[in-house]
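This is what each chain is made of:
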Amino acid sequence: MQDRDRTVSEPGFDDLDALFGAARARPAVPSDALMARVMADALDLQPAPRVLAAPPPAPPGLWRGVIDFFGGFGALAGMGSAAAAGLFLGFVQPTGVADLSAALIGGQIDSLSLMPSVDDLITEVTP
Amino acid sequence: MDMPRDTTTEALDDAPDEALLVLYANGDRLAATALTRRLVPRVLGYATRLLADRAEAEDVTQEAMLRLWKIAPDWRSGEAQVSTWLYRVVRARLRRAATTLDDAPEVADEGRGAVAGMIEADRMAALDAALAHLPDRQRQAVVLRHLEGLSNPEIAAIMDIGTEAVESLTARGKRSLAAILSGQKAALGYEDEE
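First to last, the protein sequences are chains A and B.
The opening position of the first sequence corresponds to residue 1364 in our numbering, with each subsequent residue numbered one higher.
The opening position of the second sequence corresponds to residue -15 in our numbering, with each subsequent residue numbered one higher.
The hints are simulated quantities; they were obtained by calculation from the structure and are not laboratory data.
Some clues are possibly wrong.
Said to hold, decoys possible - Pair by pair, the computed Cβ-Cβ distance ranges are: (1) B:135 - A:1420: 20 to 30 Å; (2) A:1406 - B:40: 17 to 27 Å; (3) B:11 - A:1417: 11 to 21 Å; (4) A:1381 - B:55: 35 to 45 Å; (5) A:1423 - B:-2: 46 to 56 Å; (6) B:-1 - A:1431: 49 to 59 Å; (7) A:1403 - B:145: 48 to 58 Å; (8) B:-2 - A:1443: 50 to 60 Å.
What the hints assert, rightly or not - A few chain A residues that face chain B, going by a derived Cβ cut-off under 7 Å, partial list only: (9) 1379; (10) 1386; (11) 1393; (12) 1400; (13) 1402; (14) 1404; (15) 1405; (16) 1408; (17) 1410; (18) 1427; (19) 1428; (20) 1433.
The C-beta atom is built at its ideal place from N, Cα and C for all residues, glycine as well.
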């Protein structure tokens, strides 16, 4: 396009491009007042900064209530682990555990009375 | 005007106009400063050369920038360049104030009187005076092409004409300018340089 422009006959003045170049090198200098007016408009019309709202807290559910009841997730995890270990030992009954029980108790126990009979109590209190 | 400058502002100076406009719409004040510092001189230069009246050119510049601030939140990315859009706003504003352009010959006469000196400012005054002699559309095309440095397709978008028409307008405008300035070569100091 520029080349096409240059082919145009320019009667009597052949330094137009140099004049344009000099003009481009002297950009318009806005006055302080104009810059202040434009900036004032910009700030007046500028939308407020967007702030991302925090998501609302989730409503407490059933599991949350259960976990809180037992003292938190850590406590519940400990209880769960203990329960699982007890079930495992109860079903498997490993030999080592049986031997340990025998050693501690000291032999076969045929019967064990956990509730003394009423007659024994009466005998003791009778002078 | 001494606009605030810091590292962040200088980083914004390298950002495209459209990115700055998005930042402005999101509430970034530094983007407003960067856009003002970048665009106001360009719009003012264009308006001044078309209006030949500094005060009115400043009003037109402020009005164009005002419209930019208003449209910023709804700016549709990729549809137009920000600077091209501003030139269109200025051009539309000047078409409404067409009566102002009828006064151009008087300004041209003042310009001729100013070419008595041989300094560059006088050459610029002579160029502005010669531009004021051109028909409206030729002047717009020449200013956008040769003083604002826009491409012919960009000028076509601003003026709502085809690129062939832009080429024709700029060519005829340059011929007319050359003819007007030919009688002032001595006054402008060109013959002394040859």
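Going down the list of hints, with the structure as the test:
no., hint, result
1, B:135 - A:1420: 20 to 30 Å, "56 Å, violated"
2, A:1406 - B:40: 17 to 27 Å, "24 Å, holds"
3, B:11 - A:1417: 11 to 21 Å, "19 Å, holds"
4, A:1381 - B:55: 35 to 45 Å, "38 Å, holds"
5, A:1423 - B:-2: 46 to 56 Å, "51 Å, holds"
6, B:-1 - A:1431: 49 to 59 Å, "51 Å, holds"
7, A:1403 - B:145: 48 to 58 Å, "36 Å, violated"
8, B:-2 - A:1443: 50 to 60 Å, "59 Å, holds"
9, 1379, "6 Å, holds"
10, 1386, "5 Å, holds"
11, 1393, "5 Å, holds"
12, 1400, "5 Å, holds"
13, 1402, "5 Å, holds"
14, 1404, "5 Å, holds"
15, 1405, "4 Å, holds"
16, 1408, "4 Å, holds"
17, 1410, "6 Å, holds"
18, 1427, "38 Å, violated"
19, 1428, "42 Å, violated"
20, 1433, "47 Å, violated"
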